[in-house]
Amino acid sequence: MHDLTGFQRDLLYVIAGADRPSGQTVKDEVEKYYSSEINHGRLYPNLDTLVNKELVEKGQLDRRTNYYAITDAGREQIEARREWEEQYVDF
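For the sequence shown, this note's numbering gives the first residue as 9, with consecutive numbering after it.
Don't take every hint at face value.
[To be verified] Computed spacing ranges between beta-carbons, pair by pair:
hint: 1; residue 1: G25; residue 2: P53; range: 16 to 26 Å
hint: 2; residue 1: Q68; residue 2: V97; range: 36 to 46 Å
hint: 3; residue 1: D98; residue 2: P53; range: 32 to 42 Å
hint: 4; residue 1: R71; residue 2: S43; range: 18 to 28 Å
hint: 5; residue 1: H10; residue 2: R71; range: 32 to 42 Å
hint: 6; residue 1: R90; residue 2: D70; range: 26 to 36 Å
hint: 7; residue 1: R28; residue 2: R90; range: 16 to 26 Å
hint: 8; residue 1: D98; residue 2: R72; range: 42 to 52 Å
hint: 9; residue 1: N60; residue 2: S30; range: 18 to 28 Å
hint: 10; residue 1: D27; residue 2: N60; range: 17 to 27 Å
hint: 11; residue 1: R50; residue 2: D27; range: 20 to 30 Å
Think of the hints as simulated: they come from the structure by calculation, not from any bench.
The beta carbon of each residue, even a glycine, is placed where N, CA and C say it ideally should be.
Build out the structure end to end from the sequences listed, making use of the hints.
Following this line, the structure appears as C-alpha cells:
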C-alpha cells in the first residue's frame with residue numbers, strides 16, 4: 009500500500025466498505041469525503057491502477073456500468089496498513 013497515493017487508498021477503502029459499487033457510487037462517496045467534485049479523468053485512471061495492482065477487481069453490471077470489488081490482496085493491504093497505523097495512533 010506504500011506505493012499508492014492517498015487518493016488511491018481512499019478509493020480502496022470506499023470499495024472495501026461497499027458491496028460491488030459502481031464507479032459512480034465510488035465517485036459519490038469520495039466526493040462527500042473530499043467536499044469537492046472528482047472528475048472522471050482523475051477517478052477512472054486511479055481505479056484502473058488499483059485493478060492493475062490486483063487490489064480491486066472490475067466487472068460489468070450492464071453494458072454501461074462497471075462494478076469494483078476488493079480482492080483478497082486488497083483486503084490484506086488494508087489490514088497491514090491498519091496494523092502499521094496502530095503503532096503510531098492509539099485513540
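Can you name, in rising order, the numbers of the hints this structure does not satisfy?
4
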